[in-house]
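*Asks:* Sequence:
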Amino acid sequence: IQALRAANPDTVIVFADYANAHRRILEHSQLFGFEEPISTCCGSGGPQNSDYANAHRRILEHSQLFGFEEPISTCCGSGGPQNFDITATCGSGATSMVTSQKAKACANPRAFIIWDGVHFTEAMNNALWGLFSGEGYCSPTLDALFIKKRCTH
Numbered sequence: 295i296q297a298l299r300a301a302n303p304d305t306v307i308v309f310a311d312y313a314n315a316h317r318r319i320l321e322h323s324q325l326f327g328f329e330e331p332i333s334t335c336c337g338s339g340g341p342q343n344s345d346y347a348n349a350h351r352r353i354l355e356h357s358q359l360f361g362f363e364e365p366i367s368t369c370c371g372s373g374g375p376q377n378f379d380i381t382a383t384c385g386s387g388a389t390s391m392v393t394s395q396k397a398k399a400c401a402n403p404r405a406f407i408i409w410d411g412v413h414f415t416e417a418m419n420n421a422l423w424g425l426f427s428g429e430g431y432c433s434p435t436l437d438a439l440f441i442k443k444r445c446t447h
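Heads up, the sequence shown stops at 447 in our numbering, and the numbers go up one at a time, no gaps.
Treat the hints loosely; a few may be bogus.
Distance ranges between label pairs, derived from CB positions [what the hints assert, rightly or not]:
1) Ile319 - Ser433: 34 to 44 Å
2) Ala315 - Pro375: 10 to 20 Å
3) Trp423 - Pro303: 19 to 29 Å
4) Gly428 - Ala301: 42 to 52 Å
5) Asn419 - Ala315: 14 to 24 Å
6) Asp304 - Ser427: 33 to 43 Å
7) Pro303 - Gly424: 40 to 50 Å
8) Phe328 - Glu355: 38 to 48 Å
9) Asn302 - Ile441: 36 to 46 Å
10) Ala301 - Ser386: 19 to 29 Å
11) Ala300 - Phe326: 32 to 42 Å
12) Thr381 - Glu429: 31 to 41 Å
Hints were generated in silico from the structure; no laboratory data involved. We treat Cβ as the ideally placed atom computed from N, Cα and C, and that holds for glycine.
Working from the sequences, and respecting the hints, build out all of it.
*Replies:* What follows is the structure, encoded as structure tokens:
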């Protein structure tokens, strides 16, 4: 970021680390005024609790065990650090001010956690589903919630 700012003194360049901010809020929720930040009530009989922060952390810390080769780079990007440039995001059609490239999708999205810098890949969503559906990261499990929902409709 500092090098970009030095090379572009007339440009405002902002970096926002949303992932760590989100993790900090989840880990220290009461400091931010939340009593139960991960509790949801989705119309299936009451509050359910999912441990999203630790599920996400487990996948990041053991990314290769989940089949990910690129835990912090985006699949669809325009090159540069982590294959991400806010001036040329996936689908924007813009040319990167850093790499002079347009964003394009990678050849193997299954190897990536992050699709475009904001959204997870289908492979990451599947990995999270696995942890929520039967690995103890959601109580009751998502499988149990879907069975309950199916029985009530």
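*Asks:* Take the hints in turn and mark each one as holding or not.
*Replies:* Verification of the hints:
Checking the proposed 34 to 44 Å range against Ile319 and Ser433 shows it is violated: the Cβ atoms sit about 21 Å from each other. Distance hint check for Ala315 and Pro375: the Cβ-Cβ separation is about 19 Å, which falls inside the suggested range of 10 to 20 Å. Between Trp423 and Pro303 the CB atoms are about 46 Å apart, so this pair departs from the stated range of 19 to 29 Å. Our hint of 42 to 52 Å for Gly428 and Ala301 holds, since their Cβ atoms are close to 49 Å apart.
Remark: the range hint 14 to 24 Å for Asn419 to Ala315 is upheld by a beta-carbon distance near 21 Å. The hinted range of 33 to 43 Å is not satisfied by Asp304 and Ser427, whose Cβ atoms lie roughly 51 Å apart. Taken as a hint, the range 40 to 50 Å holds for the pair Pro303 and Gly424, whose Cβ atoms sit roughly 48 Å apart. Between Phe328 and Glu355 the Cβ separation comes to about 25 Å, which falls outside the hinted range of 38 to 48 Å.
Checked against the given bound of 36 to 46 Å, the beta carbons of Asn302 and Ile441, roughly 55 Å apart, lie outside it. Against the hinted window of 19 to 29 Å, the Cβ-Cβ separation of Ala301 and Ser386 comes to about 21 Å, which satisfies the hint. With their beta carbons about 34 Å apart, Ala300 and Phe326 fall inside the hinted range of 32 to 42 Å. Checking the proposed 31 to 41 Å range against Thr381 and Glu429 shows it holds: the Cβ atoms sit about 39 Å from each other.
In summary, the structure is inconsistent with hints 1, 3, 6, 8, 9 from the numbered list given earlier, while agreeing with the others.
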